[in-house]
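**Q** Adding 2 to a residue's 1-based position in the sequence shown gives its number in the working numbering.
No wet-lab data here; the hints were simulated from the structure.
Predicted model only: the values in this text are computed from it and were never measured.
Treat the hints with caution; some may be incorrect.
[To be verified] Distance windows between CB atoms, simulated:
(1) R38 / R14: 31 to 39 Å
(2) L132 / K53: 13 to 21 Å
(3) L46 / R167: 33 to 41 Å
All residues carry an ideal CB built from backbone N, CA and C; glycine is no exception.
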Amino acid sequence: NRRDIKVYLPPRYREREGERFEVLYINDGQECGALRLHDTLARLSMTGRIKPIIVVAIPTNENRLHEYGTAVAMNRLGLGTLAPAYSHFLVHELMPLIDRSFRTRPGAGLLGVSLGGLSAFDVAWNHPELFSAVGVLSGSFWWRAGDREEGIDAGRRIAHSVARRAAC
Numbered sequence: 003n004r005r006d007i008k009v010y011l012p013p014r015y016r017e018r019e020g021e022r023f024e025v026l027y028i029n030d031g032q033e034c035g036a037l038r039l040h041d042t043l044a045r046l047s048m049t050g051r052i053k054p055i056i057v058v059a060i061p062t063n064e065n066r067l068h069e070y071g072t073a074v075a076m077n078r079l080g081l082g083t084l085a086p087a088y089s090h091f092l093v094h095e096l097m098p099l100i101d102r103s104f105r106t107r108p109g110a111g112l113l114g115v116s117l118g119g120l121s122a123f124d125v126a127w128n129h130p131e132l133f134s135a136v137g138v139l140s141g142s143f144w145w146r147a148g149d150r151e152e153g154i155d156a157g158r159r160i161a162h163s164v165a166r167r168a169a170c
């Protein structure tokens, strides 16, 4: 599919030719304009409250309920069927493109709210070598597997089951 990705560069990015920057990817990036993200990042960076970072806002589309979720299993309502494809897009297409196009550092961050938070958790959990931080705000950890699910604990909260299995 196609979507317009917005990239926010730190103040004076072009003047800092030898410097590399950490990257924060944000799910539901279509909300960044309403949140005045660019102005807020610039102000916080200029005042030294945060270190300068590159932010990549990834907008969702009409498939949000299928793209966000967990790659290991869809939920009991049949939602999340495109979560593996979204994860692949982010990790194998978008991140390499951003790394080729901008002066980035390894160890990106991934942020999401609600279902976008569950997606952020899932992608970072499955690719810990790529992410140094994940932000999950009010994450949809209630997302439950179907009763006939075989890849995860049937009828249980998917993210909880994934974490529980890893702890064993």
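**Q** Each hint: holds or not?
**A** Okay, the hints, checked on the actual structure:
1. Evaluation of the 31 to 39 Å hint for R38 and R14 yields a failure: the beta carbon distance comes to about 20 Å.
2. With their beta carbons about 20 Å apart, L132 and K53 fall inside the hinted range of 13 to 21 Å.
3. The given range of 33 to 41 Å is respected by L46 and R167, whose C-beta atoms sit roughly 38 Å from each other.
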